[in-house]
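Going down the list, the sequences are from chains A and B.
First residue of the first sequence: 1, per our numbering; consecutive thereafter.
First residue of the second sequence: 1001, per our numbering; consecutive thereafter.
Do not take every clue at face value.
[Stated by the list, open to error] Straight line, CA to CA, 20 Å or less: simulated PhoX-like cross-link-like pairs of lysine-lysine:
id, chain 1, residue 1, chain 2, residue 2
1, A, 83, A, 129
2, B, 1140, A, 305
3, A, 194, B, 1087
Hint data in this document are derived by calculation from the structure and do not stem from the laboratory.
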Amino acid sequence: MLAVLSAVLRNALRGVMLTLCAASAIAQAVAPVPAASVGGHTNARHAPRAQLASGVAFAADGSLWMAGLNAQGDLFVQNAPAKNLSAWSAPRIVVSQGEAISADGENRPKLAFGPNGWVVITYTQPLAKPYTGAIRMLRSSDGGQTFSPPFTVHSDRQEITHRFESVAFDAQGVLHTLWVDKRDMELAPKQGKKSSYRGAAIYRNASRDGGASFGPDIKLTDHSCECCRIALANGPDGNLRAMWRHVFEPNVRDHGFAVVGGASPAEVVRASFDDWHIDACPHHGPGLAPAPDGGYHAVWFGIRKKGNEDIAAVRYARLQTDGSPLPESVRALPDERAEHADVLASGNQVAVVWRSVNSLESTLFAWLSKDGGRNFQLRPLSKVHGDNDHPRLAQSGERMVVVWRNAKEVQVHELKF
Amino acid sequence: MNSSFSVGPFAFARRMALAFALFSPGVFMPNGALALAQHAHAAITTVADFDAATWTQLLRNGPRPAAYVFTNSFCATCPETFDVLSKAVMASGKPVPLAAILMDVQGERALAHAHHYAGVTKIYAFDGFEPAIRQVVDPKWHNITPYVVLVARSGKLQRVTGQPTASQLKAWLG
Chain A
1 MLAVLSAVLR NALRGVMLTL CAASAIAQAV APVPAASVGG HTNARHAPRA
51 QLASGVAFAA DGSLWMAGLN AQGDLFVQNA PAKNLSAWSA PRIVVSQGEA
101 ISADGENRPK LAFGPNGWVV ITYTQPLAKP YTGAIRMLRS SDGGQTFSPP
151 FTVHSDRQEI THRFESVAFD AQGVLHTLWV DKRDMELAPK QGKKSSYRGA
201 AIYRNASRDG GASFGPDIKL TDHSCECCRI ALANGPDGNL RAMWRHVFEP
251 NVRDHGFAVV GGASPAEVVR ASFDDWHIDA CPHHGPGLAP APDGGYHAVW
301 FGIRKKGNED IAAVRYARLQ TDGSPLPESV RALPDERAEH ADVLASGNQV
351 AVVWRSVNSL ESTLFAWLSK DGGRNFQLRP LSKVHGDNDH PRLAQSGERM
401 VVVWRNAKEV QVHELKF
Chain B
1001 MNSSFSVGPF AFARRMALAF ALFSPGVFMP NGALALAQHA HAAITTVADF
1051 DAATWTQLLR NGPRPAAYVF TNSFCATCPE TFDVLSKAVM ASGKPVPLAA
1101 ILMDVQGERA LAHAHHYAGV TKIYAFDGFE PAIRQVVDPK WHNITPYVVL
1151 VARSGKLQRV TGQPTASQLK AWLG
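This is chain A alone, in the form it adopts within the complex:
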């Protein structure tokens, strides 16, 4: 009886899902080569785990680009024209020769397009020593027709943590790269085996020639969390803003917000107040998008205490121009299983997307607002079985898409409000 009911419910849900998917104008893309992990594995009976984490971005001409790893662990790019986002070009290998590349969860290849035909691809190269890495970049000055060999972005070459990079061009065309860095932690005195330094730091550098040369490594902030992505968004003054998981004293893993390009270290504004005390790695960074009034839309994961109960949720809030949250705007996403949400905005249209996993089935959800984040409508966009990446958002003017890669295909969903 239960099995019959379950089947009926499943079929009904599938019908609703298909209807909604059709309404959201899915463009299902040709799949690149299914990806798999690099490196050895112990058991020949099983295929290596797929490394599907990818980066997407629109070029100035409206074409959609993607960077990820193929089955051999090589870094590829492919693109689809603005008129037909399902018509992916053949994957083009841009890094091979066995260079290790992180492509799992929040540590993934990324793309950024700037002026003058500049395009960069970045990734973290894990080094032999655990917890270490280097931020690597490829650059193009011909709109992505050709790319340079990869090079290391930071001037610090110690075999220590340089990981979880983020990259973006600001309104003046200056390329900014930010990353989690442990050079200060390495220098701090130890208390027993433990460092006296809280968390890691975020460092950055800037390039005014599209990655041909870089300024010095500059500290953005001390005491970031060690293993979460850094969110970037353009501010109304043309400077980037960064939001990251911070470790406030003594061990509160809430979020910090700062202007990129100002003082070093930057003035950190607290952007979330979950008051989550924990000595652990959430592996769950925030998302950030500009709002037309000069503020921002933000999403993040955190755990709040309610009595003796821990309330875990991905939350949304409007941030003010300085990065502080508007308390009345804070709300949990309508899905307890929401993971790795991200946010984009254009005018009053706001899109929050996330993956919701129930065993081997994953559902891609969009939460869409037409009134600047006051009200949202929940829309399931797709469902897949088995391994898949987090959904990745990309924007070209008012056009917003979410790209969702799984082991068989790459789905592109155009967001309609």
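Position chain B against the provided structure of chain A, taking the given hints into account.
Then chain B, alone, in the frame of chain A:
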């Protein structure tokens, strides 16, 4: 002393199992014996698969007491948890298995972390879709690591995100 290896009707069988484990790197190597030699992890040369069925099997048939630490290759806060657990095991004087389960890397990249995990007796690596395996372990777990499951001799479980407290360790090992 209420040692799990000195009382009960199956003491001889358990001693034999311990002896077997000591010479079989693919199975648990109780660290009460090996950690005393201060080289428990040095003997680990293999990584076992951890799929959606493994957890149920471990809870049903695995050793007790035991500790399972779920971690990621980039979890910088995880080694401290192994330190805490290892000290508790050493203080108890009991040979207690302490397993590390890597969720994001397999093979050599998983093994590379062995020397960061004090007292570890076995290393697993997720084999399959990570969230699906994680939800078998705990449907409410949001991939925060370290995620620790302490299995008491009675079979009672304590689930801890981050480092276990002194009272949790006491409840685990008595």
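Quick rundown of the hints versus the structure:
no., hint, verdict
1, A:83 with A:129, "violated (46 Å)"
2, B:1140 with A:305, "holds (15 Å)"
3, A:194 with B:1087, "holds (15 Å)"
The structure is inconsistent with hint 1 alone, although it conforms to all the rest.
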